[in-house]
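**Q** In case you want the letters, here they are:
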Amino acid sequence: MANIQEKISALCPSATFDESGELLLVNVPDENWHALAKALKEELHFDLLNAVAGVDWKESLGCMYYLTNTETQEMIHVKVATTDRETPRLHTVSDVWAVANYQEREVYDFFGIEFINHPDMRRFFLRNDWVGYPLRKDYDANPELNPLRLEAEENEDDTYALVEDEKGEIKRVDKKVFGPDEYVINVGPQHPSTHGVMRYRAAIDGEVVKKVDVVSGYIHRGIEKLCEDLTYPSMLLYTERMDYMGAHMNRHATCLCIEKALGIEVPHRAEVIRMMMDELMRLSSHLLSYGCLTMDQGATTAFFYGFRERELIYDIFDKTCGARMSMSYDTIGGVVRDVDPEFVNDVRKACDAIEKAIPEYHKLFSGNVIALGRMKDVGTLSLEDAKNYAITGPSGRASGFHCDVRKTQPYSLYNEVEFDEVVYENGDSFDRYMVRMKEMEQSIKILRQCCDMMDKEGHQGEFCAKVPKIIKLPAGHWYQQVEASRGAFGVYLESDGEGKPFQHPYRIHFQSPCFNLVGVVDLTCKDNLIADLITITASLDYVIPDIDR
Amino acid sequence: MFDFGIVTKWINDLLLGVMPQWLATTIECAIVGVALLLMYSVIAIIYIFYERKVCGWIQCRLGPMRVGPWGLLQVFADVFKILTKELITLWDTDRLLFMLAPYFVVVASMLMFACLPWGNGLQMIDMNIGVFFIAAVSSIGVLGILLAGWSSNSKYTLIGAMRSGAQMVSYEISTGIAMMTVICLAGTMSISGIVEAQKDGWFIFTGHIPAIIAFVIYIIAANAENNRGPFDLPEAEHELTAGYHTEYSGIHFGFFYLAEYLNLFIVSGIAALLFLGGWMPLHISGLDAFNNVMDYIPSPVWFLGKAFFMSFVFMWIRWSFPRVRIDQMLKLEWKYLMPLGLFNLVLMALCVSFGLHF
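First to last, the protein sequences are chains G and X.
Plus 333 on top of the position in the first sequence (first one is 1) and you've got the working numbering.
Plus 1324 on top of the position in the second sequence (first one is 1) and you've got the working numbering.
It should be emphasised that the hints constitute simulated quantities derived from the structure, not laboratory data.
None of the values given here were measured: they were computed from a predicted structure.
Mixed in with the good hints there might be a few duds.
[As the list claims (entries may be wrong)] The calculated PhoX-like cross-link candidates involving lysine-lysine, where the alpha carbons are at most 25 angstroms apart (straight line), are:
1. G/Lys682 - G/Lys543
2. X/Lys1655 - G/Lys543
3. X/Lys1479 - G/Lys509
[What the hints assert, rightly or not] Some chain G residues well away from chain X (every beta-carbon gap over 10 angstroms; in silico):
4. Glu540
5. Gly550
6. Leu563
7. Val677
8. Asn678
9. Gln742
10. Lys859
Ideal Cβ placement from N, Cα and C applies to all residues, glycine included.
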């Protein structure tokens, strides 16, 4: 750590440091930020931008940038802030880490911070005619300001950029997203293959896609804003409503983050149960992903095969958690209740059934000559781009990116079980698909080991640690990531240490993997056919509520 | 083998006994027309149910089970629903063409339907260029699809129609060549003639390797011409929502749907006609007892059985394979199927001229 600190102060003397938190915090003035960002990436190899969390600290507005060196897995975070609340402006780093493009648009959407030199300053989730910036502490939530508008916004093609010239003067340049000659088709928001209310505007030339513009926010619920008015235990409920196919992992991450802040040790039994639930969730998610990918390519039968085995997992959830979809099972300090007496047996049976079914899936779809023709060399994502766009999870690993949080930053008991990180090389749609199929086998392997652990634990045991009735976090901020079904799911939690009698989070930011996945749709679909757009988006396998948090 | 020509002749004589020739012909035409429409709708109902059950079976499901015993009345309920639905006409569409398009598609399939050899002496249109006529009228359907796509004034339908134009025009060549191969073997274009030529053995058995190649080419090309999976690109639900008929509702959509199922029956029927002997029973030369037993099965049962079997093969293909992409589809036709078909035609001509077939 000290080493990095020295190097950074050599690069940027105006940076100040704070080592009191879990990670090294670097405070950088905005005018030095862009140069430092470049140096951090190129010289110190902080090539992965995990998360950008905008925060309103009342006296100032700014962003927290979480960075990872993917070779050494060192993490630091950088705080950049401005005291100007009227026209807050920061410099963009979207030219350094491409993922920052959409992340900064999100920050602009919620905090009104304009990013200088950002190519496309539009709101990401909210309508263009929205009044105010909702996550600011001085936001006016008066419904008369933002009534329920029944008409489509007129100027959805308009955007602008703030361009800084050599003298440091900032000029506003108005732009259009699509030119007048482009033939734009609308894919979504109501479309069979966008897997939810996602909308792409694709400029096409014949059947060839030239450019894709992502229009998001059709089911944006403002979960981060909602959480700011809830206590920690009740806030957990919302985490499952983001990626519903990674409900356990999302909740797990949030619980871990709060437990880290409180310093609670989770009982061994609870850890095992949590891990098993995570892996079952991953299995179910990958089965669904198999079904959707095949169906999007017209192989409807394969879809039903995937759903057949998925039902077994849902039965297990139903028995133990009492619900099939939003399980609400993890809680701060452990899990809500002990598992069903037949749980371990059921898991073993489901593992056997799925293991038997996987060769069937391959027989039906993977080896099919049409399927190979549709997926091989379609939508190739290079390793460099995967890091640049922070594509984690199965999609990142298909490009050869070692990004499995279970391996890189083990949490729970993942360093006690034996499993392989599935990594492919080509980064095309077929590899993304194959990573998921192989990961199912690894999940089964983990589950079997966990079943043995549960046998040692016995039928009953301590499943939740002692936690205070009213949960209050000390002042500070924490970041926790877990490997969700679709990539690294991060939780940024900031507490001001105040609040009576109940405490609400001061700021909570969920860094969802799917948000980054839509960032590469334009990159991967360019110069492919319309049919490939569907294949690529299906192989990226995002979940819309996870994007529109 | 019972010849249904006796029945038709008897009706003809009966009518001529009480009325002049022109009136008798008019009445006969009316009877045939009504019979055609009736068969058309009955086959459609059977096929919708058939496809749903087969699809359910392949996908580990039961298929429709709730309306009526084994879901038998589900199709009727659906037909009733489609008939009562509003016909939505959109702004800025070409109203006339928009309305006309579904009829083109249905009429094209009805014309083909009328050519099928239902049984011994049971055939509505039997001209000396029967197969050629089928190939000709099948192209009218493309026109309907193109019109539907163009007149809807929607980008999805236009892309669907463009794909359909490219696809159906391409694959018609291969179906045509496969048909020509059989004509070469049969020595006639007349449908009854082709059936008659298969008296001593179906072409798939007697025609040697070229007949089998032609059969495979025909199955692939007919599937594509029919817009069924894996070649359902004009519809391509997951890309273009519903392709060329996205903007249609009510019975106008119903017509497209109907025509699709009937086309499935028709291409199966033509496959049965060209390669499996039409209504001709299975005859093995030398086994007279066996042949006589086979003759006791009525000819319409033979024809329908073969057509249903072929349809099952088409459904099997549809529910097993993913959809091909437009460039792959065109590549398959122009680079592989068509050259192979032409080569096969030459091979067949050699076989026939040197008498190498059975």
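**Q** Could you work out which of the previously given hints the structure breaks and list their numbers from low to high?
**A** Violated hints: 1 and 4; rest satisfied.
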